[in-house]
Amino acid sequence: MTFTVTLSSASNLTASVNFATANGTATAPSDYLVTNGTLTFNPGDLTKTINVTINGDQLFEPDETFTVNLSNPVNTTISKATGIGTILNDDAQGGIISFSQANYSVAESGGSITITVNRTG
Numbered sequence: 011m012t013f014t015v016t017l018s019s020a021s022n023l024t025a026s027v028n029f030a031t032a033n034g035t036a037t038a039p040s041d042y043l044v045t046n047g048t049l050t051f052n053p054g055d056l057t058k059t060i061n062v063t064i065n066g067d068q069l070f071e072p073d074e075t076f077t078v079n080l081s082n083p084v085n086t087t088i089s090k091a092t093g094i095g096t097i098l099n100d101d102a103q104g105g106i107i108s109f110s111q112a113n114y115s116v117a118e119s120g121g122s123i124t125i126t127v128n129r130t131g
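The sequence shown begins at 11 in my numbering and counts up one residue at a time.
Don't take each hint at face value.
[Unchecked claim] Pairwise CB distance ranges, derived in the manner of DEER restraints:
1) 73 x 107: 31 to 39 angstroms
2) 35 x 122: 27 to 35 angstroms
3) 122 x 12: 57 to 65 angstroms
4) 127 x 44: 47 to 55 angstroms
5) 39 x 82: 22 to 30 angstroms
Don't read these hints as lab results, they were simulated from the structure.
Just so we're clear, the structure is a prediction, and the values are computed from it rather than from any experiment.
Even glycine gets a Cβ: it sits at the ideal position worked out from N, Cα and C.
Can you make the complete structure from the sequences, with help from the hints?
Dropping the structure here:
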């Protein structure tokens with residue numbers, strides 16, 4: 011997943027900002043790899059990117075989020091310190107489980123009953 015960090019205007023100075031990922035509902039290292047470092051904008055640069063590796067799995071789960079936080083600006087200021095990454099679930103659901111009928115009954119002397127459960131998908 012790629013985050014783009016943009017300066018509002020080009021500068022004659024070298025500017026830098028630190029970045030680090032942080033867990034939300036997505037957690038490292040199972041959902042994504044921890045990523046941190048420093049972005050350096052040379053004079054004239056307007057954008058830099060942060061690449062976060064997403065770890066795919068085979069689990070059906072809700073969409074999950076994590077953040078990338080900016081800190082310690084040099085020769086610049088931070089107007090929005092947090093970017094949110096959403097990992098969209100792309101795994102198939104395990105099917106739908108249901109009883110084959112709504113009600114079952116058996117006489118007390120009947121001893122046992124067969125209840126059928128269906129799975130679709």
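Hints and how they fare:
1. 73 x 107: 31 to 39 angstroms: violated, 23 angstroms
2. 35 x 122: 27 to 35 angstroms: violated, 44 angstroms
3. 122 x 12: 57 to 65 angstroms: holds, 60 angstroms
4. 127 x 44: 47 to 55 angstroms: violated, 42 angstroms
5. 39 x 82: 22 to 30 angstroms: Taking Cβ atoms as reference, residue 39 and residue 82 lie about 24 angstroms apart, which means the hint holds.
The earlier numbered hints that this structure contradicts are 1, 2 and 4.
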